[in-house]
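J.: What follows is the residue order along each chain.
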Amino acid sequence: MALIDVDNLTMRFGGLTAVSEFSTRMEGGELMGLIGPNGAGKTTVFNMVSGFYTPSEGRIVFDGTPTAGLKPHRVTTLGISRTFQNIRLWHDLSVLDNIRIAQHSRMGYTSWDAFLRTRRFLDNEARIDRTALELLEALDLLRFKDELPRNLPYGLQRKVEIARALSTKPKLLLLDEPAAGLNSADVKGLIDLVRWIHKEFKITIWMIEHQMTVVMSLCQYIQVIDFGRQIAAGTPEEIQKNPVVIKAYLGDDQI
Amino acid sequence: MLQRLSVPLVLLASLAVCVGLSMGGVLDGYMQTVLMFVGINVILATSLNLINGNMGEFACGHAGFMAVGAYVSSLLTVLFLTDSKFGPALLPSGAALWFFPLSLVVGGAAAAVTGLLVALPSFRTRGDYLAIITIAASYIIKSSIENIDTIGGARGFMGMSRVVAAMNSTIDLPWMIIWTFAGAVFCVWIIQRYVSSTYGKGVMAICQDEVAAEIMSVNTNRIKLVTFMLSSGLAGLAGGLMAHVLGYVNPGNFTILKSTEIMVMVYMGGMGSISGAVMAAFLITFLMEGLRFIIPMLDTLLHAVWLLPDGYELTQVWKWVIIPLLLIMLMMFRPEGIMGARELADLFPRLRQYYKFK
Ligand SMILES: Nc1ncnc2c1ncn2[C@@H]1O[C@H](COP(=O)(O)OP(=O)(O)OP(=O)(O)O)[C@@H](O)[C@H]1O
Ligand SMILES: [Mg+2]
Chain Z
1 MALIDVDNLT
11 MRFGGLTAVS
21 EFSTRMEGGE
31 LMGLIGPNGA
41 GKTTVFNMVS
51 GFYTPSEGRI
61 VFDGTPTAGL
71 KPHRVTTLGI
81 SRTFQNIRLW
91 HDLSVLDNIR
101 IAQHSRMGYT
111 SWDAFLRTRR
121 FLDNEARIDR
131 TALELLEALD
141 LLRFKDELPR
151 NLPYGLQRKV
161 EIARALSTKP
171 KLLLLDEPAA
181 GLNSADVKGL
191 IDLVRWIHKE
201 FKITIWMIEH
211 QMTVVMSLCQ
221 YIQVIDFGRQ
231 IAAGTPEEIQ
241 KNPVVIKAYL
251 GDDQI
Chain D
1 MLQRLSVPLV
11 LLASLAVCVG
21 LSMGGVLDGY
31 MQTVLMFVGI
41 NVILATSLNL
51 INGNMGEFAC
61 GHAGFMAVGA
71 YVSSLLTVLF
81 LTDSKFGPAL
91 LPSGAALWFF
101 PLSLVVGGAA
111 AAVTGLLVAL
121 PSFRTRGDYL
131 AIITIAASYI
141 IKSSIENIDT
151 IGGARGFMGM
161 SRVVAAMNST
171 IDLPWMIIWT
181 FAGAVFCVWI
191 IQRYVSSTYG
201 KGVMAICQDE
211 VAAEIMSVNT
221 NRIKLVTFML
231 SSGLAGLAGG
241 LMAHVLGYVN
251 PGNFTILKST
261 EIMVMVYMGG
271 MGSISGAVMA
281 AFLITFLMEG
291 LRFIIPMLDT
301 LLHAVWLLPD
311 GYELTQVWKW
321 VIIPLLLIML
331 MMFRPEGIMG
341 ARELADLFPR
351 LRQYYKFK
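Sequences listed follow chains Z and D, in order.
When you line the first sequence up against our numbering, it's residues 1 to 255, in that order.
When you line the second sequence up against our numbering, it's residues 1 to 358, in that order.
Pulled out of the complex, with its shape left as it was, chain D reads as follows (with noise of 0.2 Å):
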């Protein structure tokens, strides 16, 4: 019993950790805003490894689906709970503890209905062409929001800041840290539940070879449908978390440069392994925060042992050379990524005994 319980419990510790630091001052903004951005990218790997490992798919535009997430539940707080220019708040402040989180699964669910942009065009087509037709469904959504005035268009949205105040002014907790760890954790657990599932199965079957699941009875329209939509739904719940987060959102934030950040995460992590996902939102998150640091003091040393010339300086654009060729090495060396399809379990088969699936 209390094996079973072991991982709950390990991770309300962790999170009771990260919220005591936080509150104690062990962690200043910048790092609450790191470990954030940790649970955020864990959300947006583990939900497009449903699709590009476990389908076998090609998706690239999960950052349009992190748009309607964001925006939807941006919409529904700033208009309920703060005095905007959409007329005063509708709610009292307190309610925004429940109203947050209600606005999060609302705007996971419009990014789930938005996951038919790409799902039905995925019942004629697979390889290249789905996915230029996930690319142009990203698209459509960046641009309708640019063309929107009222939701700021391309200048952005703002006034989420006062909502997380809100709820920080009712209950003084970081309620950021919680929600973005407890959506991590509801993600992780849910595409657990459903891959493992005879169900979710016939999403692999799909994958190895579509052909022999349609005729072996898996309705593959229906599983590519719910897959495609579970995906979206989770990326749109990254999306209103992060939107949280920044307190600012406008429609550059959901470029493809977000996409190919998240696709890289899938293919550092190993296709179809969700703790490979998660390890490697984890490692991309500080790797990219760590340059932050690194690339100063490797300009200060390299400067010191006179291997850079006194008028040049390593700058921050470095960044998009050493993260790339990390991934190029990572491709030449172990191209199946980090896991490849295995999980943590099947490396280390003792840890069965803490969790049980079916």
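Pulled out of the complex, with its shape left as it was, chain Z reads as follows (with noise of 0.2 Å):
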């Protein structure tokens, strides 16, 4: 059985077609890669997927449930999980409560257990706290653990995100151009984290990404929509080479 199987996905936004009839299927364990010109309804597809938006038309089944109008929350609590292109973190609140809150799917408590303080809320807010301090410890975030997000650099920022979605536990991990608004060092350092986390945690990862570079250096397999529907898909090299590919980017134009 397929980890994800998206089959004819349909978004309308009244008379906007984002997305129309886009498929896409992953056994598990890849790490995909969707691109496109900018409004070419990447994030749309997104959307769809993690359960923000209830697809006009379309399947989605994730490990084996139809997830098309579950309530985001749901979805994530099956193994989906993402980040957003413009950063959403909670400003506010600690880096270690963002990891934290991230990890109400698996609370294992009720309001009444947090009112009365019964053993079953203490054992579970130990085992919360313990997950969200390893984790931060693995991606080398420890030290920030009690800094606002707000009061962060941006990289480290983006990097909190990507911790933030991997408390959940996924099984699929969105990430919604993680490189956008990176400088070069950062982006390097973006690169080998993507990587190790998809060797490490042995999750799946799909990517919407705008820099090359990072694509085409950790994709295996590339999709490429175009005004909402797919124009292409294979591998970095395949892409790089595909003349339908250029000109959507390039413009008509410019060949």
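By construction, these hints were calculated from the structure, which means they are not laboratory data.
Remember, it's a predicted structure, so these values are computed and weren't measured experimentally.
One should not assume that every hint holds.
[Unchecked claim] Here are the simulated distance ranges between beta carbons:
| # | chain 1 | residue 1 | chain 2 | residue 2 | range |
| --- | --- | --- | --- | --- | --- |
| 1 | D | Leu-307 | Z | Arg-150 | 58 to 64 Å |
| 2 | D | Leu-9 | Z | Arg-143 | 36 to 42 Å |
| 3 | D | Ile-328 | Z | Glu-134 | 46 to 52 Å |
| 4 | D | Tyr-129 | Z | Arg-59 | 43 to 49 Å |
| 5 | Z | Arg-127 | D | Ile-140 | 39 to 45 Å |
| 6 | D | Val-211 | Z | Asp-192 | 28 to 34 Å |
We put the beta carbon where it would ideally sit given N, CA and C, even for glycine.
Fit chain to chain and form the complex, with the hints in mind.
T.: Here it is in structure tokens:
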């Protein structure tokens, strides 16, 4: 059984069709890329897969469960997590709290346990703390645990957001332009980080990225969309040589 | 160990002082009432702060939930403990001691259920729209009460002073002081437990970025439900206490003006700060009462220095000029309120050793 099977997704906003008949399939363990010019509909695909939008048409089956129409927190609980194109951390909660809160689906206790401070509450809070600290340690973020994300440099904020996404224990991690706004040193760090996460956490990663160096050095397989439609798919080498892709990126007049 | 016990000890000691001073006659009836209102306002301010401060919603119908708590608990105590138009007392008057707190809990629970009126719409909307819904909800509650004649309708409902008298005659203690004190402490305690848990931190996550919260696995609807119910339940508790402190309630006690007064406390204290809300509750209560004396004094003073014409008297109406003016100044010079989002322990880290939340 495939990890995720996306079948003929279409998303319409009023008269605008942002994505049409998009399909993909991952068996598990891949590092996939999704590229395309600005406004092509990439983020909209992620929004549908993460449950933020309900597709106008099409099916998403994740790990055997159809997810289209489920609330986002249910989808996340099933094992899909993501980062955002514009960082969306909780900027007035500490880095540690950001990581802790992302474990809500595995909290293991109810509001009554929180009021009554039951054994179940104490055990689970201790576990949440431990998991959060281990994750921060693994990503070399431990020394920032008490900082507010807003006070961190942009590159670190991106990293904290990835850490937060990992904290939900995903099987599939969606990265929406993780290299956007990073300087070249940070970009190199990011490439190493994604590669390391892919290997260390043994998860499937699906990323949107504009910077070709990132996509080309990380992704095994890339899909290209333009105006909401897939125009090409293949390995990085194939994509780089594909005239349709070059045309979509550079425009007709430059060929 | 002793350090951990210090907060309960300090609280017990201050309760003992209040009780002692009341029984010794140092605090007269008026001053006791002021103290009890401090307690009630602490509950109101901290519970509304959970919604308006921590969750970042703009709820302005807190008085409605107070009304539910006030009427439900009053009905219960009057029905069960006194000879009323509903019939003779169903319980001996000695039962007041345990039945009264029970009625407060039931009143709070009823208010919590009424909180659904606001919690359910909050799933789909926020901001201005939710603000309007909260006002509408409080009006629904108020006019429902006005139209139920068995509970007095617009005339109000009374008989609660006999319940208080029944408690006092069973064991001679200033029971209402004890219960308002206990209510305030319980309220701060339970809210503190809530917001310091990973569960309750979901509330702050919703405030700061609701979309990110939902996508990062926070069940935002569930959290909103629990938070609105907790907040309105506590408001109901405050309502029950108020009804028994006053001995008489009518729908006019629970207008939008009352909700506004509670909101003023929250904004004065600082959004999301429990200690700020507590301080503001003290400050506003004392200020409101203090002005009763300060205004006549100011009147005499201004006449003495010829600043006011003889025919004009500075009346209590000026209270509603002075307090809003103070609020405007606060918003201009310290818009984040007394405490901002901080707690006392953030300002004085040494305090931390005296209590433990986890
Ligand atoms: N909620 C929405 N309502 C209306 N239109 C939308 C909405 N979300 C996206 N769109 C439109 O859908 C199209 C695709 O947007 P999307 O954000 O998916 O593009 P993208 O490929 O991620 O682009 P970029 O590279 O700029 O991030 C755009 O034309 C956008 O304006
Ligand atoms: Mg995008």
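J.: Now tell me if each hint is right for this structure.
T.: How the hints compare with the structure:
no., hint, in the structure
1, D:Leu-307 <-> Z:Arg-150: 58 to 64 Å, "50 Å, violated"
2, D:Leu-9 <-> Z:Arg-143: 36 to 42 Å, "38 Å, holds"
3, D:Ile-328 <-> Z:Glu-134: 46 to 52 Å, "50 Å, holds"
4, D:Tyr-129 <-> Z:Arg-59: 43 to 49 Å, "34 Å, violated"
5, Z:Arg-127 <-> D:Ile-140: 39 to 45 Å, "44 Å, holds"
6, D:Val-211 <-> Z:Asp-192: 28 to 34 Å, "29 Å, holds"
In this structure, the earlier hints numbered 1 and 4 are contradicted, and the remaining ones agree with it.
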